[in-house]
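Protein chains: 4
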Amino acid sequence: MTAAASFATWRRQIHLWIDHGAGDDLIATMLHRGLVALICANVVAIVLESVPSIAARFSVGFQAFEFVSLLIFALEYAIRLWAAPEHARYRGLSPARARLAYAASVPAVIDLLATLPLLFGLMGFGELKVLLLLRLLRFFKLGRYSPGMASLSAALAAERKALFACFVILMGVMLMAASAMHIVEHEAQAEKFGTIPDAMWWAIITLTTVGYGDVYPVTAAGKAVAAVTAVLGLIMLALPVGIVATAFAQEIHRREFVVTWSMIARVPLFGGLDAAEIAEVMQFLRAQTVRNGAVVMHEGEPGRALYFIASGEVEILLPEGKKRLDEGHFFGELRFGDMAIASHSPCPNAAVATAPSKLLVLDPVDFHALTKRHPKLAERIRALAQA
Amino acid sequence: MTAAASFATWRRQIHLWIDHGAGDDLIATMLHRGLVALICANVVAIVLESVPSIAARFSVGFQAFEFVSLLIFALEYAIRLWAAPEHARYRGLSPARARLAYAASVPAVIDLLATLPLLFGLMGFGELKVLLLLRLLRFFKLGRYSPGMASLSAALAAERKALFACFVILMGVMLMAASAMHIVEHEAQAEKFGTIPDAMWWAIITLTTVGYGDVYPVTAAGKAVAAVTAVLGLIMLALPVGIVATAFAQEIHRREFVVTWSMIARVPLFGGLDAAEIAEVMQFLRAQTVRNGAVVMHEGEPGRALYFIASGEVEILLPEGKKRLDEGHFFGELRFGDMAIASHSPCPNAAVATAPSKLLVLDPVDFHALTKRHPKLAERIRALAQA
Amino acid sequence: MTAAASFATWRRQIHLWIDHGAGDDLIATMLHRGLVALICANVVAIVLESVPSIAARFSVGFQAFEFVSLLIFALEYAIRLWAAPEHARYRGLSPARARLAYAASVPAVIDLLATLPLLFGLMGFGELKVLLLLRLLRFFKLGRYSPGMASLSAALAAERKALFACFVILMGVMLMAASAMHIVEHEAQAEKFGTIPDAMWWAIITLTTVGYGDVYPVTAAGKAVAAVTAVLGLIMLALPVGIVATAFAQEIHRREFVVTWSMIARVPLFGGLDAAEIAEVMQFLRAQTVRNGAVVMHEGEPGRALYFIASGEVEILLPEGKKRLDEGHFFGELRFGDMAIASHSPCPNAAVATAPSKLLVLDPVDFHALTKRHPKLAERIRALAQA
Amino acid sequence: MTAAASFATWRRQIHLWIDHGAGDDLIATMLHRGLVALICANVVAIVLESVPSIAARFSVGFQAFEFVSLLIFALEYAIRLWAAPEHARYRGLSPARARLAYAASVPAVIDLLATLPLLFGLMGFGELKVLLLLRLLRFFKLGRYSPGMASLSAALAAERKALFACFVILMGVMLMAASAMHIVEHEAQAEKFGTIPDAMWWAIITLTTVGYGDVYPVTAAGKAVAAVTAVLGLIMLALPVGIVATAFAQEIHRREFVVTWSMIARVPLFGGLDAAEIAEVMQFLRAQTVRNGAVVMHEGEPGRALYFIASGEVEILLPEGKKRLDEGHFFGELRFGDMAIASHSPCPNAAVATAPSKLLVLDPVDFHALTKRHPKLAERIRALAQA
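Protein chains in written order, with full-length UniProt numbering: chain A, 1 to 387; chain B, 1 to 387; chain C, 1 to 387; chain D, 1 to 387.
Worth flagging that the hints you see were computed from the coordinates, not collected in a lab. One or more of the hints may lead you astray.
Pairs count within a copy or across copies, as identical chains cannot be separated in the list.
Below, a list of computed lysine-lysine pairs in the DSSO-like style, where the Cα atoms sit at most 30 Å apart [stated by the list, open to error]:
#  : residue 1 : residue 2
1  : K358      : K192
2  : K323      : K161
3  : K192      : K223
4  : K161      : K129
5  : K161      : K223
6  : K161      : K358
7  : K322      : K161
8  : K223      : K322
9  : K322      : K192
10 : K129      : K223
11 : K358      : K322
12 : K358      : K129
13 : K323      : K358
14 : K223      : K323
15 : K192      : K323
16 : K358      : K223
17 : K323      : K129
18 : K192      : K161
19 : K129      : K322
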């Protein structure tokens, strides 16, 4: 192996450690847990440091901890940047371009901003209050480790135009409410509604239904305006909720479709099918939700069905011992005529859900219907099974 | 019958009494109503006992009631644990394993926690204020008796990752809002925004749109930060709503599909069909919503259609008297050519909805279309009808 | 005509006047508008009467108006009860049973309660404050005239179990929050959190995100409990919203399907098709949304397409003048081969939307695809067209 | 060219400049940006002018700016009115009728109202406070430039009946809550709940969950009423949210369908297909979401697939240089047997997403399935490709 190959191998290994912490690798898991813990400890430290009595007592400790953390975060940023060409997303680009593309991505920008206080500190501006915000930005580094965050941000990004329209409407309604209130109340409460900017403060707090109660109308006309504003606030609330709910529902459906598809394509027998044929198979899957502890396959019931785990975890009993399977795996055996499709050889003896799980089941009866309706597909599966 | 068989029969009987209270059995119904009443009485007693004047007056009564309740709840827990192997969910496990699995389920843990004060009381720690929380946990024992609770918790469990991501986002936004407010307001209101933890109290109350009004900004910059925070609060509100709405909608669809399927499979004539054929029949059902008191079948109109009750209650008139049918049952008669599918023999004479009901109707015209499009299915139904 | 027949005819006429106000009948329209105006005037009067200065000044007027209104409402109730056997919903029942069934319906109970103050007044209890609530119940008489109310109440009724489960969860969370707050704050603020009922007031106002600010925690532990409670409040808000949104979406889909179906069945040519064939036609309709003022059909473009109005209003130009069509009507002409399906004879020359409208369009190209895929349907339509 | 033709050409050119600012035309883009900037500057000026100290200092400047702005807006309104006959929406109407129809549209009415202060000012009523509202109405002129606004208003318009029913329910609940509160609290707090109008103020602020805290109950009965009202407030909130969410979801689905349809119809090869055939092609598209910077097509992979951009932006590499494509365009090459469908000639060498994008992909494998299942469609595409 040449030096360049060895170098690329190392870069690949480090990329896997630092970016695929959810797998089985012990180093990757430790690394990720360590970074998550460090981020949380940082945020707690920043919050506590703002309390004068605590800050005075542990002043040296806080500074040391901040300095060490900053060094680790800077190192993390450098390593991630260096390993960026290994990302599947940037494959095919030159290393320099891949790093540039990575540096422009949202998580990388957050990482960079989170290390900036180090630079400011070295430049002697470490006492600026505004640095607090940059330091707290570290919290969002957690986003990388949350599997649900990707769905949420994809949903929000998909409907950014509609959300912006909502914001424009909110601004417009706020302006109208504020000026109406200014007109009717500026004589009764000159210090609170004397100018439109003053009234805007009241309007935004009312439209968002926060309602602190530091400013409220006292005249009958003012109360009427406030009542209308409060009811409009309900609509202002309904618009983003409706948009986010819709976008999120679509995102979930897309995600589920992709998960199901890739599960089926992973079954060795179905792997040889083309996209249209996999879609046919998908339509014959039956959804089944099982609770934690539910027995999915009893001992001594061979050839019952094929089970695909859409979410959750199932423990199967194999001759060589127990094995836990999670999202994306399948198990069971499907006997049909002279064909048998099994997940393992020999087939597992029993299966128990070890978490609330959603399974997709392919029953012999459905498989029968599938092959009856698509004889060519059946022949093809038969041929693949005998191969 | 041997002693072991008799024992198993008893256990089965007690399981049916204690776990299937919605059926027709009088003992089971009484038992369930009694337990629900006891839980409610307990919660009321705990709340009243916290009022010093009432507690002083009925002190002995409260103590006696608490003691008796605890004994009953402990007994209930023991019986449920003993009867656990009869649960359909744990069938196929050994009795000991079934009990262990049951003891680890959420309702059993709530039951156990609800009886803990008895133990603490016996150990002499009965005066601890924290016991209040354990005692109030009894309220959640009601969850077992609410049919909608299962749907809700299934929906929440399905999207727990996304809800956790929401929570992480809420924490992040809260931290940023709090530190921004701390920076701009700590001079104007040192006692309220002097430290970040103080500002966090303001931030969380604003982001959740509660807005007590005990803390609010007074400077222009502070008001600008608060306005942005309040608007972000709308998004913080929209995210969980969107997620829960989506998850709940999916849960409902799944539930309805299962209910419909099992209703059709219960029709004697369709029971012999395979899964794919039942799915064909399902597509030809027409939904109909009727109000309380609506006449579904008039007297002297035989062979009109088959009605499946998806929800609600219908009273049918049979020669031997009236009979009430609820969710999951079917009635009516479908005459088609030389075939007749009837729910009862002879067919009911009339039917009136006794609650707002949702019916799925199989009309002769739809049945005709079904048999025309699937001649093999028609032949099969014909064969089954003549058998 | 015999007296009984004449009587039944009168009852039918009065039923049509009083229950079908949305039609073309002038008397029915006047009657309905008059009743809506009377209800609104009543509510305004009741609200104004509660202001002592106004009540003192117009005392006699208010009493007279109330008395006249009560007489009219009592008369309305009596007439509706008498005409109940004409309701399509109660057809097939004896008059006495139909009236009993009607009297037990929600609108009738509201009508009855709204007239009760008359009875109480005659009995000398007219001064009771509680009568205010009975009098204001009149407002809900408006529900009868709002077309959207039926959809809303159907949606709420469909998910009443889930909403009840929400309420149980809300109660449980409220109890836990209240007792937790009572434990941590009862020493700091004995007058506000000294008993659990006191703390419950705080808990419910926080969980619903109202947050008056009359009660709020002051200790650090109390603020932590309040923060958790406020976040739980977001979930408490998300649950009913998710349920109502889902239920309402289903209700809308059901309603739209029924509207579309009945529109197609009303086209003379399609009226002879059976249910399955109408469903085939439905799949070939293309949705089109037009703005107010949009030109749907230009002059001199015959045989363009058939347009069904799903919602909104369209003005068509016929040789005899202009005509406005609304929801449920269709217009246009579809020429295909030797067939021509026209809404009017001769076909309208032009069409302009006079409100934002949703149209379902059957194009010649789609009709071609329909007949190619279902040759039997095409033959049948051809036969019907030539008949 | 005659004078009339030249005139019509000018009108068309001005219509394109003033109404199609999103295109490539430099003048149109400048015009639109200028108008948006002017509107924003106007709103800021109006808000600032309400602050006495600022108004006094820059009095002349504000008046001059207002006057110039009004002139520009009046000119804009006149030009738009004059160019109205060029609108696609009013094609086929006479110029006078087109202008009348345009003048009655919502954006035109807003434009007119925004110019009214000019008229009032000329008539000497320029000092009226109410003019503030008319002047702030300018803000809504921005609606014309926001692409998401159309979706939102279409969604709201579609469910206006249900939203009105919500409003009626809100009014009814508010009336009942206010009178119940008036009954139980008017003795304890005569100045706050002494009359129903006073109590209505409390009721609306509680039901919308604003909760200022200026009025709240102090008696136990009053607190019970307030608790029920607050919980009802959650439902009042859930109703509009559910309605808006449903309406918006439907609007999005409709929009996406239309976008996809028109994209496929724009592929030269598919343009010759009829509606039913395009629908067939649509079913074989596979959705793919790519991040900013993702490489969609690598260099040297010809004939991979056809990509349709549903949203976002993609940069393709052509022999003549780079080119950015956005929503509605397609790129790539599909080789299948002896056929090749390409977006450009020669086919682009590489493609990189320059924004988070949603692509619809037509793979050779899916295209194969499509042609196998619809041999006539395949023949037709083959014929079109060779033409």
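A quick look at each hint next to the structure:
no. : hint        : result
1   : K358 / K192 : neither (56 Å within a copy, 47 Å between copies)
2   : K323 / K161 : between (47 Å within a copy, 24 Å between copies)
3   : K192 / K223 : both (14 Å within a copy, 13 Å between copies)
4   : K161 / K129 : neither (34 Å within a copy, 35 Å between copies)
5   : K161 / K223 : between (34 Å within a copy, 27 Å between copies)
6   : K161 / K358 : between (34 Å within a copy, 14 Å between copies)
7   : K322 / K161 : between (50 Å within a copy, 27 Å between copies)
8   : K223 / K322 : neither (69 Å within a copy, 47 Å between copies)
9   : K322 / K192 : neither (70 Å within a copy, 57 Å between copies)
10  : K129 / K223 : between (41 Å within a copy, 18 Å between copies)
11  : K358 / K322 : within (20 Å within a copy, 42 Å between copies)
12  : K358 / K129 : neither (49 Å within a copy, 41 Å between copies)
13  : K323 / K358 : within (18 Å within a copy, 38 Å between copies)
14  : K223 / K323 : neither (66 Å within a copy, 46 Å between copies)
15  : K192 / K323 : neither (68 Å within a copy, 55 Å between copies)
16  : K358 / K223 : neither (52 Å within a copy, 39 Å between copies)
17  : K323 / K129 : neither (53 Å within a copy, 45 Å between copies)
18  : K192 / K161 : neither (35 Å within a copy, 38 Å between copies)
19  : K129 / K322 : neither (56 Å within a copy, 45 Å between copies)
The structure fails hints 1, 4, 8, 9, 12, 14, 15, 16, 17, 18 and 19 (numbered hints given earlier, in ascending order).
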